[in-house]
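Going line by line, the protein sequences match chains A and B.
Take the position in the first sequence, starting the count at 1, then add 3; the result is the number in the numbering used here.
Take the position in the second sequence, starting the count at 1, then add 286; the result is the number in the numbering used here.
Any given hint could be a false lead.
What the hints assert, rightly or not - One side only, chain A facing chain B, incomplete, derived with CB under 10 angstroms:
| id | residue |
| --- | --- |
| 1 | GLN41 |
| 2 | VAL50 |
| 3 | LEU54 |
| 4 | ARG84 |
| 5 | TYR102 |
| 6 | PHE104 |
To be verified - Computed beta-carbon distance windows for the label pairs:
| id | chain 1 | residue 1 | chain 2 | residue 2 | range |
| --- | --- | --- | --- | --- | --- |
| 7 | A | LEU113 | B | GLY302 | 42 to 50 angstroms |
| 8 | B | SER353 | A | GLU17 | 28 to 36 angstroms |
| 9 | B | ASN314 | A | LYS111 | 16 to 24 angstroms |
As the list claims (entries may be wrong) - Derived coverage of chain B by chain A (criterion: at least 3 residues anywhere in the stretch with Cβ under 8 angstroms from a Cβ of chain A; other residues may be distant):
| id | region |
| --- | --- |
| 10 | 323-334 |
| 11 | 357-365 |
Treat the hints as calculated values from the structure; they're not laboratory data.
Computed from a prediction, not measured in an experiment: that's the story for all the values here.
We put the beta carbon where it would ideally sit given N, CA and C, even for glycine.
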Amino acid sequence: DAKTTQPNSMESNEEEPVHLPCNHSTISGTDYIHWYRQLPSQGPEYVIHGLTSNVNNRMASLAIAEDRKSSTLILHRATLRDAAVYYCILRGTSGTYKYIFGTGTRLKVLA
Amino acid sequence: NAGVTQTPKFQVLKTGQSMTLQCAQDMNHEYMSWYRQDPGMGLRLIHYSVGAGITDQGEVPNGYNVSRSTTEDFPLRLLSAAPSQTSVYFCASSYDGDRSYEQYFGPGTRLTVT
Numbered sequence: 004d005a006k007t008t009q010p011n012s013m014e015s016n017e018e019e020p021v022h023l024p025c026n027h028s029t030i031s032g033t034d035y036i037h038w039y040r041q042l043p044s045q046g047p048e049y050v051i052h053g054l055t056s057n058v059n060n061r062m063a064s065l066a067i068a069e070d071r072k073s074s075t076l077i078l079h080r081a082t083l084r085d086a087a088v089y090y091c092i093l094r095g096t097s098g099t100y101k102y103i104f105g106t107g108t109r110l111k112v113l114a
Numbered sequence: 287n288a289g290v291t292q293t294p295k296f297q298v299l300k301t302g303q304s305m306t307l308q309c310a311q312d313m314n315h316e317y318m319s320w321y322r323q324d325p326g327m328g329l330r331l332i333h334y335s336v337g338a339g340i341t342d343q344g345e346v347p348n349g350y351n352v353s354r355s356t357t358e359d360f361p362l363r364l365l366s367a368a369p370s371q372t373s374v375y376f377c378a379s380s381y382d383g384d385r386s387y388e389q390y391f392g393p394g395t396r397l398t399v400t
């Protein structure tokens with residue numbers, strides 16, 4: 004299974020944009036890039052996903068490098084409620100349907 | 287929709303006891319999975335299912351059994367509990383196993399084995 008690498012932790016000031024990076028140099032051409040986040044004492048929740056093109060939704064934007072070996076989750080205006088662990092996951096190779104989570108990036112938002 | 291529900295929320299077991307963690311979803315999702323999350327760690331996949339009657343192993347399947355007799359339910363059985371199985375267990379579901387669908391997670395079951 005292709006592996007992702009994320010920084011262990013990041014800090015951001017409230018109401019400023021946050022760029023969370025993810026490296027996935029062994030990604031295959033059919034792997035989707037998914038992002039989830041986990042708020043304290045809760046189960047993970049879906050944030051966004053994409054294949055090749057950049058994606059936007061109400062929660063965030065996903066910027067995917069042209070060679071697809073890295074991606075960046077963008078929170079446009081961080082709030083205190085965005086403090087969470089953010090996971091970057093590659094989805095689906097060889098039909099195994101496995102979601103493999105790494106250790107993620109712990110985002111701290113400063114008031 | 288209730289989404290993904292898990293019972294119980296908390297459980298304490300003695301070493302060697304067995305039990306079943308329940309997971310149900312009301313979204314008619316084909317794909318369901320079980321994860322464990324140890325303190326300060328990420329999630330690790332235990333077992334998953336791509337439809338009723340079909341299950342497969344994840345990263346850490348030893349000590350756990352699953353079955354999928356209906357689309358809605360995906361119980362996780364601990365055969366003989368060990369302290370190393372102390373963890374928070376999450377169940378998740380998605381529309382199917384396709385790469386493009388997101389997963390919905392339950393609130394988790396916090397299990398302590400003494």
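For each hint, the structure was consulted:
1. Restraint check, A/GLN41 versus chain B: the minimum CB separation of about 8 angstroms is within 10 angstroms; hint holds.
2. Annotation: A/VAL50 was flagged as interfacial toward chain B, and the flag holds, the nearest CB pair being 9 angstroms apart, inside 10 angstroms.
3. The beta carbon of A/LEU54 is positioned within 10 angstroms of a beta carbon in chain B (closest approach about 8 angstroms), and the interface hint is therefore held.
4. Restraint check, A/ARG84 versus chain B: the minimum CB separation of about 18 angstroms is more than 10 angstroms; hint violated.
5. With a cut of 10 angstroms, the hint placing A/TYR102 at the interface with chain B holds, because the nearest CB-to-CB distance is about 6 angstroms.
6. Taken as an interface hint, A/PHE104 checks out: its beta carbon lies about 4 angstroms from the nearest beta carbon of chain B, inside 10 angstroms.
7. A beta carbon spacing of about 47 angstroms between A/LEU113 and B/GLY302 agrees with the range 42 to 50 angstroms that was offered as a hint.
8. The hinted window of 28 to 36 angstroms between B/SER353 and A/GLU17 is violated, with their beta carbons roughly 47 angstroms apart.
9. For the hinted restraint 16 to 24 angstroms between B/ASN314 and A/LYS111, the CB-CB distance of approximately 38 angstroms leaves it violated.
10. With 6 residues carrying a beta carbon less than 8 angstroms from a beta carbon of chain A, the region 323-334 of chain B meets the three-residue requirement, and the given coverage holds.
11. Proximity of the region 357-365 of chain B to chain A, defined as three or more residues with a beta carbon under 8 angstroms from a beta carbon of that chain, is not established by the 0 residues found.
In terms of the numbered hints stated before, the structure departs from hints 4, 8, 9 and 11, listed from lowest to highest.
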